[in-house]
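Taking the hints into account, I'd like the entire structure generated from these sequences.
Protein chains: 2
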Amino acid sequence: MKKQGLLLILSGPSGSGKGTIVEQLKAKDDFALSISATTRAPREYEQDGVHYFFRTREEFEKMIANQELLEWAEFCGNCYGTPRAYVTEQLQKGQNVILEIEVQGALQVKKLYPEGVLIFLVPPNLEELGRRLTNRGTEDKETINRRIHRALEEMEYVQDYDYVVINDTVPQATQDILDIVHAESMRCSRNKEIKKVFKGEI
Amino acid sequence: MKKQGLLLILSGPSGSGKGTIVEQLKAKDDFALSISATTRAPREYEQDGVHYFFRTREEFEKMIANQELLEWAEFCGNCYGTPRAYVTEQLQKGQNVILEIEVQGALQVKKLYPEGVLIFLVPPNLEELGRRLTNRGTEDKETINRRIHRALEEMEYVQDYDYVVINDTVPQATQDILDIVHAESMRCSRNKEIKKVFKGEI
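Note that the protein sequences, when read in sequence, are chains Y and H.
Under UniProt numbering, the first residue of the first sequence carries the number 1, and numbering increases by one thereafter.
Under UniProt numbering, the first residue of the second sequence carries the number 1, and numbering increases by one thereafter.
Just so you know, the hints here were simulated from the structure itself, not pulled from any lab data.
Since this is a predicted model, take the numbers as computed values, not measurements.
Warning: the hint list may mix true and false statements.
Put simply, identical chains are the same to the list, so a pair is met inside one copy or across any two.
Only pairs whose alpha carbons sit at most 27 Å apart, straight line, appear in this in silico DSSO-like list of lysine-lysine [said to hold, decoys possible]:
{"hint": "1", "residue 1": "Lys-111", "residue 2": "Lys-192"}
{"hint": "2", "residue 1": "Lys-18", "residue 2": "Lys-196"}
{"hint": "3", "residue 1": "Lys-192", "residue 2": "Lys-110"}
{"hint": "4", "residue 1": "Lys-18", "residue 2": "Lys-199"}
{"hint": "5", "residue 1": "Lys-28", "residue 2": "Lys-18"}
{"hint": "6", "residue 1": "Lys-199", "residue 2": "Lys-141"}
{"hint": "7", "residue 1": "Lys-26", "residue 2": "Lys-3"}
{"hint": "8", "residue 1": "Lys-141", "residue 2": "Lys-62"}
{"hint": "9", "residue 1": "Lys-28", "residue 2": "Lys-62"}
{"hint": "10", "residue 1": "Lys-93", "residue 2": "Lys-28"}
{"hint": "11", "residue 1": "Lys-196", "residue 2": "Lys-110"}
{"hint": "12", "residue 1": "Lys-141", "residue 2": "Lys-196"}
{"hint": "13", "residue 1": "Lys-18", "residue 2": "Lys-195"}
{"hint": "14", "residue 1": "Lys-192", "residue 2": "Lys-18"}
{"hint": "15", "residue 1": "Lys-195", "residue 2": "Lys-141"}
{"hint": "16", "residue 1": "Lys-93", "residue 2": "Lys-192"}
Here it is as structure tokens:
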């Protein structure tokens, strides 16, 4: 029996360590990253269908109208979105897919694909978040304060998620997520063929 | 922050290996077994509040009327049930509790305590179930056939459960259940205080 892959949607404030965790999950080869569609111009090294699906604004708007995007948003005059076709194709092959995405987009995806699993990644506490953002050494105090403020705002959406993972250390948080993926794969709603398997029919 | 324990409700056909798995989970010290109330007379070595809560039929009927039982059933003229007070007391102490219980009882519990996690344990397939029941050497062919028939009937209830665990080997099935417990402990619905923890308020 070929099992459908799992769509994991990971959000969390800046400084929660999403990027590192996603790298870990990919390295463990359990996950494909989704490829975004965008209206922005490709950079020299970027290839269509590898780094992004590059689309004109007209094409992008057609994708929105046809509900071909699981979610989309506009930043600095360019549109970015998650093409549904690429994701479902991966899932049907039995491949788990991970979307690293901000809160509004995550909730859009959950609406269109309720089987998706929403995970909110948080730093252990505000103090530690401040420490991590400061230690990066790349942002000034005002930017850091803005990010902390934004993190507090985003925390209001935790209750709309399925799981919350505290990123105390990267190996532990990665394992937490793998345990969630393992448990979700045993959900009865994802194993509707179990009776047939038991009876030896498939 | 003191976290509430998890109520795990484990069902599965005869030959699924429930008993062995429960022993493993208890040995790992993650679980307390609930203590049943019964109207049957205590055996010589049995102590009230240790092996069972021994009650008269009148007392037992009062418990039913007052909704003091999470579930109950009658076998061979004696009533057996799961007292709600003992279970909730353990859960409030942060202790995980496991109920090994048949399908009808499990669904009763889920109605009264929706936060409970229902796990259905199954042997890999019918053939293997037949082999296990035969290898026990304790039942005749007719009893084995009756148990297999009953297993097929019980499988119809899988969809009412939260998770299905295939008991291929005991260590793997035990680990599967521990992963479910771990994942469930990260559910947002079980971590309503996370915002306060993050802000350092508790």
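Hints versus structure:
Within a single copy, Lys-111 and Lys-192 get their C-alpha atoms as close as 22 Å, and across copies as close as 22 Å, so both meet the 27 Å cut-off. For the identical chains of this complex, Lys-18 and Lys-196 are inter-copy neighbours only, at 21 Å across copies versus 39 Å inside a copy, given an alpha-carbon limit of 27 Å. For a Cα distance limit of 27 Å, the shortest separation of Lys-192 from Lys-110 qualifies both inside one copy, at 21 Å, and across copies, at 20 Å. In this homomeric assembly, Lys-18 and Lys-199 come within 27 Å of each other (Cα to Cα) only across copies, at 20 Å, whereas the closest approach inside a single copy is 42 Å.
Taking identical chains as interchangeable, the C-alpha atoms of Lys-28 and Lys-18 lie at most 27 Å apart only when both belong to the same chain, with a minimum of 15 Å there against 32 Å between chains. Taking the closest pair of Cα atoms, Lys-199 and Lys-141 come within 27 Å of each other only across two copies (19 Å); inside a single copy the shortest separation is 63 Å, beyond that limit. Taking the shortest Cα distances, Lys-26 and Lys-3 sit within 27 Å of each other inside one copy (19 Å), while across copies they are farther apart (32 Å). Taking the shortest Cα distances, Lys-141 and Lys-62 never come within 27 Å of each other, neither inside one copy (42 Å) nor across copies (66 Å).
For a Cα distance limit of 27 Å, the shortest separation of Lys-28 from Lys-62 qualifies neither inside one copy, at 36 Å, nor across copies, at 56 Å. Only within a single protomer do Lys-93 and Lys-28 lie at most 27 Å apart by alpha-carbon distance; the minimum there is 18 Å, versus 37 Å between protomers. In this assembly of identical chains, the alpha carbons of Lys-196 and Lys-110 lie at most 27 Å apart only when taken from different copies (25 Å versus 29 Å within one copy). Taking the shortest alpha-carbon separations for Lys-141 and Lys-196, only the inter-copy value of 24 Å comes in at or below 27 Å, while the best intra-copy value is 60 Å.
Within a single copy, Lys-18 and Lys-195 get their C-alpha atoms only as close as 38 Å, which misses the 27 Å cut-off; across copies the closest is 18 Å, which meets it. Taking the shortest alpha-carbon separations for Lys-192 and Lys-18, only the inter-copy value of 22 Å comes in at or below 27 Å, while the best intra-copy value is 32 Å. Within a single copy, Lys-195 and Lys-141 get their C-alpha atoms only as close as 59 Å, which misses the 27 Å cut-off; across copies the closest is 24 Å, which meets it. Taking identical chains as interchangeable, the C-alpha atoms of Lys-93 and Lys-192 lie at most 27 Å apart only when both belong to the same chain, with a minimum of 17 Å there against 36 Å between chains.
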